[in-house]
Amino acid sequence: MLSLEKYLFYLLVFSLPFQTRLILFQWGSSSSFGTSGGFNEYQAAFFYFTDFLIALIFISCLWRAIRTGSFGWRSIFASHSDFLLAAFVIIAGVSLYWANNFGLGIYQFLKLVEFVWLFFYVKNNFAVLNLSHALWFLFSSAVFQALLADWQWHNQSSIGLKLLGESVLDPNLAGVAKLDIPNAKLIRPYGTFPHPNILAAFLSAAIFIFYWFYLSNKKPYGRIQISEWLKFLAFFILLLGLFLTFSRLIIITFILAGVIFFWLSKRLGKDDLIFKQRRQVLLYLSAIFTFIFLFLMRPEMFGRFGQLSLAEQSVSLRWLYNEIAALMIANNPLTGVGFGNFTNRMAEFLPYGTSLESWAIQPVHNIYLLIAAETGVIGLFFFLWFLISIVIKTIGSLRLNFTLERLTLLLITLAFLFIGLFDHFFLTLQQGRLMLWIILALLTAASAHSTTDSTQASEA
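Here the sequence shown is numbered in our numbering, starting from 18 and rising by one per residue.
Keep in mind that the hints were calculated from the coordinates and are not lab data. Take these hints with a grain of salt, some might be off.
[What the hints assert, rightly or not] Okay, derived cross-link-like pairs now, EDC-like style, lysine to aspartate or glutamate, Cα gap no bigger than 20 Å in a straight line: (1) Lys195 - Asp167; (2) Lys195 - Glu329; (3) Lys236 - Asp289; (4) Lys293 - Glu245; (5) Lys195 - Asp288; (6) Lys236 - Asp288; (7) Lys23 - Asp99; (8) Lys202 - Asp187; (9) Lys128 - Asp99; (10) Lys248 - Asp167; (11) Lys179 - Asp167; (12) Lys235 - Asp288; (13) Lys202 - Glu329.
[Stated by the list, open to error] DEER-style ranges, computed between Cβ atoms: (14) Leu351 - Phe312: 49 to 59 Å; (15) Tyr114 - Gly413: 32 to 42 Å; (16) Gln242 - Val130: 43 to 53 Å; (17) Lys235 - Gly192: 47 to 57 Å; (18) Ile107 - Thr85: 24 to 34 Å; (19) Ala61 - Ile198: 32 to 42 Å.
Every residue, glycine too, gets a C-beta built ideally from N, C-alpha and C.
Based on the sequences and whatever the hints tell you, model everything.
Here it is, written out as structure tokens:
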């Protein structure tokens, strides 16, 4: 059964970007927003293909536990951070008492429980899931998504992958992320994700995984083989896909995290000539590819980065969401408005005379403000304590045993948590939730295992 679970997990990782789903129920948008109502992503319940895979993994895991008579309760609450996470989940559940939309709150709470269970499953099965294999599936999926992004950018439309959950894309559609340049509006590629920013986060993580795999290869660096060229091509495709998203925050975060990665990874190359050569090649390629993309995309990059202002819609909406969240927290500091109920309560806190289109009814673009608004400051306290405890433990394990595995996972996690200051998808959308909870589980497990770099067996 464990073998079946492994393959289901690999399929889950590969399928992470897919939006294939069924709409179970929709509560609709309140007319008090100034709209006529209609469908809203954050006031509906879905069942995703990835939910189906998680359910299969859970059933397989449960059957294995029944057969062996071992449910592993001790391993679930084996660390300080586990109890902090459990406390956060309990507080989120209690906050439902104050939820206006109890059905929506229950659905969102069940989603939280689902991903917390996935966190514990990955963390506790870290040694047998074969991390390098799982991340190769993620890497392959990311290359596929980057190719789709290139195709969407070239076509300036969606490409007909509705079965995989591709969004309908058109420059003239309201709510589609666009790039405004003189005399034109260009769509930003989505892949099969619900937004370019989530695609950008996924591709960034995949690029760091490529760094890790490539530098873990212990083969002497001599004549470049065809397999090496294919790896460089995949790296090129990933980096191109990332820049085509034109996600300002994530591109800047990626570049800063990359600088930190190459600076800290010097420690591993002091007495390792092969590592030192590979690191140098990777550093040069990263710099050259980045320069090429920035140079060739000058007009688009200037239009996206050079004209940032408070008047820009994406910025003004974020500011409005922050103001609404601050009012919610001020009015409900201990209880919050109820887990999953931010969008349901937004209308009460909108400035007088303000109306929002249905697509603009979104959670505050800050996961920490979102948690405080929905569960109160106590919920935020336990969530932050949980995250900080994981990061501190990883830093401690890095000091004892500095490995690429831990360094890479830590940087990806810190990048995600930083991005969470400016976006909400790690807590509100299926793909973002999968990314966050899986990477947190891998980081927690890697910091607890006193092993050498697990990617040494890889042929990356």
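Hints, verified against the model:
1. Lys195 - Asp167: Measuring from Cα to Cα gives roughly 15 Å; hence the hint holds.
2. Lys195 - Glu329: holds, 12 Å
3. Lys236 - Asp289: holds, 12 Å
4. Lys293 - Glu245: Status holds; Cα separation ~17 Å.
5. Lys195 - Asp288: violated, 48 Å
6. Lys236 - Asp288: holds, 15 Å
7. Lys23 - Asp99: At roughly 23 Å apart (the allowed maximum being 20 Å), Asp99 and Lys23 break the hint.
8. Lys202 - Asp187: holds, 10 Å
9. Lys128 - Asp99: Satisfied, since the Cα-Cα distance of roughly 18 Å is no more than 20 Å.
10. Lys248 - Asp167: holds, 18 Å
11. Lys179 - Asp167: Since the Cα atoms of Lys179 and Asp167 sit roughly 17 Å apart, the hinted pair holds (cutoff 20 Å).
12. Lys235 - Asp288: holds, 13 Å
13. Lys202 - Glu329: Holds. Lys202 to Glu329 sits at ~14 Å (cutoff 20 Å).
14. Leu351 - Phe312: 49 to 59 Å: holds, 53 Å
15. Tyr114 - Gly413: 32 to 42 Å: holds, 38 Å
16. Gln242 - Val130: 43 to 53 Å: holds, 47 Å
17. Lys235 - Gly192: 47 to 57 Å: Given about 49 Å between the Cβ atoms, the range holds.
18. Ile107 - Thr85: 24 to 34 Å: Holds, since Ile107 and Thr85 (Cβ atoms, about 29 Å apart) stay within the stated range.
19. Ala61 - Ile198: 32 to 42 Å: holds, 34 Å
Hints 5 and 7 from the list above are not met by this structure, while the remaining hints are.
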